[in-house]
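Enquirer: So the sequence lines, in the order shown, correspond to chains A and B.
The first sequence begins at 5 in my numbering and counts up one residue at a time.
The second sequence begins at 5 in my numbering and counts up one residue at a time.
Hints may contain errors.
What the hints assert, rightly or not - Pairs of lysine-lysine, BS3-like flavour, derived with a Cα cap of 30 Å:
| id | chain 1 | residue 1 | chain 2 | residue 2 |
| --- | --- | --- | --- | --- |
| 1 | A | K82 | A | K64 |
| 2 | A | K408 | A | K179 |
| 3 | B | K20 | B | K222 |
| 4 | A | K118 | B | K190 |
| 5 | A | K408 | A | K345 |
| 6 | A | K118 | A | K64 |
| 7 | A | K155 | A | K165 |
| 8 | B | K148 | B | K20 |
| 9 | B | K222 | A | K165 |
| 10 | B | K20 | A | K179 |
| 11 | A | K281 | A | K408 |
| 12 | B | K190 | A | K119 |
Keep in mind the hints are simulated off the structure, nothing from the lab.
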Amino acid sequence: MQMYEALQAYNLPDERGHFGVYGGVFVAETLVHALEELRQSYEQLRQDNDFLSELDYELKHYVGRPSPVYYAKRLSEKLGGAQIWLKREDLNHTGAHKVNNTVGQALLARHMGKKRVIAETGAGQHGVASATVAARYGMECVVYMGSEDVKRQASNVYRMKLLGATVVPVESGSKTLKDALNEAMRDWVTNVEDTFYIIGTVAGPHPYPMMVRDFNSVVGRELRVQMPHEVGQQPDAIIACVGGGSNAMGAFYPYIEDKSVRLIGVEAAGYGISSGKHAAPLCSGRPGVLHGNRTYLMQDENGQIAETHSISAGLDYPGVGPEHAWLKDSGRAEYVAADDKQALEAFHTLTRTEGIMPALESAHAVAYAMKLAPQMSKDVVLLVNLSGRGDKDMDTVARASGIKL
Amino acid sequence: MSRISATFQKLRSDNKKALIPFVTAGDPNGQLTSMIMHGLVEAGADIIELGVPFSDPMADGPTIQRSSERALEQGVGLRDVLQIVSRFRQTDQTTPIVLMGYANPIEAMGYSEFAHQAQVAGVDGVLVVDYPPEESRELTSRLKASGLDSIFLLAPTTLEARMDEVARTASGYVYYVSLKGVTGAKNLDLSEVAEKIPQIRAHVDLPIGVGFGIRDGKTARAVAELSDAVVIGSRLVEEIEQAAPQDVVARASALIREIRQALDRA
């Protein structure tokens, strides 16, 4: 399989990981060599047929790929406009797109001879996906999670422990995802020789944004084949939620050169952009440097990173992958935002009309599709990347409705 | 000649090693920081590294993280740090000040504005933990134009080939991170330091400071025998954290005096 030939002319990032002015390697000196080693191993393995067939095999038999494309007929009819189709990443093993990336990175770790993997997690989905592949490949796994998130996501913490991972609550800073990432970086600096850091999104220092994009772009590559076959055309627009942006980047990437397809990223507007309590750096932040790359950030006038809010823990992050920053500035992709209320409405609507409970993250993309569809004609095809399932969000959804489970 | 180079030259002619304490600006507050700085100079500090508080100090251990949080609670930002330096300069025109911190506060201010304001305030050098030389050419050239030194880190994992890259960009001194880990870690291995410093000397023609994990006079002296300067950070920040406000200056100074004596003992 020629997995990485989807794009010939779009060739970002450059060799030092830059997407225009974004991306790069902004890390302390101790990690420079480890990142260089990782880049070299990845460059070599991405062209290695044995590695790629092993990855294909795992994605098919372990993850359950390809994930189907599903026509949300009742939802589309209810809205009375464009057709809404769903890419069913919620049907993957572990319930979200995250596993596409963790399988890839775990195989890479194994090839590099690293026996210990570490990961950061917010809602716990990437932590679970990392703990899962660590169990699958017999590796030690340590997951860093903000102590606030540990409290909010108790069942995912238990899942990780069942899978044999050690979950370390992080007490510093805002005690959420960004602080978990800081702590994972500190672990990596300390144990750099035997440890592989599985970053869960298209952020971090080069080569992570590129590598995580490549592993997740199995989603977009499948779409390119599935859409003409099952729908009769490529989508008119692809809509995906954006926190760090890995599911969106995975869906967008094989379409970047196909300019007839609109690419729409939906950030979390939390309590509303004007409230300041949100997680929408592309819609209202400024470029800066955090976690190893230059990108749009939520920050104050002194350059301190701002605390974010979203009902969806997976979008509750002050930065965003540098390739999204570049796609925004270049005008190739559009970035909009849906707030907590719209995401909850979309959650309930999709659940009732299609019997599909989306993750609250993915519900942001559904919300924007629901806003767009009624303004469009019935022959327009909107593809929503349904990045995960909503089982993990039962408590949050119940609480938002004033119900205690 | 920059204040930093002049300082190292004088120390060399006196046959002494540089003692470089690190404190976070604004911990426990801005007023006390400048008093602590004067106290450190009186106790024998040659250069002061002044930490610029940041919300996400990825390379720091718990002690300096907490110190950064205390400063941020006081609302201390980069502009306030520069004010602290200005205030310090009113009565001390000789001790070099190196700002140490993370990229984003500088990104937010803008490179030329920062280089200009830092020069006006009396800053001598800048060390940005998450700007390796490859990502900091523009800032480095602005700093140079303003007469400021760019200090860079070298690590146990730095390959010799890369040391040349660092040598091309760095000025003032280089800072060797003595261990794989964060600031204040306790796994300092002197024999590893002894092995690495000669390698660095072969590539870098600047004074070498060593920091991370130096906690007492004895270790400081052992490190100083291998290098040109020792940096005391977390251990000093601990004193500041534990002291009552009225004792902060005395306790910080006492620690630095003790280390100075260990370094200078014949």
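Enquirer: So, for every hint listed, does it hold in this structure?
Expert: Evaluated hints:
Annotation: proposed proximity of K82/A to K64/A is violated, straight-line Cα distance about 34 Å (limit 30 Å). The hinted pair formed by K408/A and K179/A meets the criterion: a straight-line CA distance of about 25 Å does not exceed 30 Å. Taken as a hint, the K20/B and K222/B pair is honoured in the structure, with Cα atoms around 16 Å apart against an allowance of 30 Å. Among the hinted pairs, K118/A with K190/B is consistent with the structure: their alpha-carbon atoms are about 24 Å apart, no more than 30 Å.
For the hint pairing K408/A with K345/A, the CA-to-CA distance comes to about 19 Å; that is within 30 Å, so the pair holds. Restraint check for K118/A and K64/A: the C-alpha separation of about 24 Å stays at or below 30 Å, so the hint holds. Between K155/A and K165/A the CA atoms are separated by roughly 15 Å; this keeps the pair inside 30 Å, and the hint holds. Between the alpha carbons of K148/B and K20/B the distance comes to roughly 28 Å, so the proposed pair stays at or under 30 Å and holds.
About 43 Å separates the Cα atoms of K222/B and K165/A, which puts this hinted pair outside 30 Å; it is violated. For the suggested pair K20/B and K179/A, the alpha carbons sit about 44 Å apart, so the restraint of at most 30 Å is broken. At roughly 25 Å between alpha-carbon atoms, K281/A and K408/A fall within 30 Å of each other, so this suggested pair holds. Distance check on the hinted pair: K190/B and K119/A sit about 24 Å apart at the alpha-carbon level, within 30 Å; holds.
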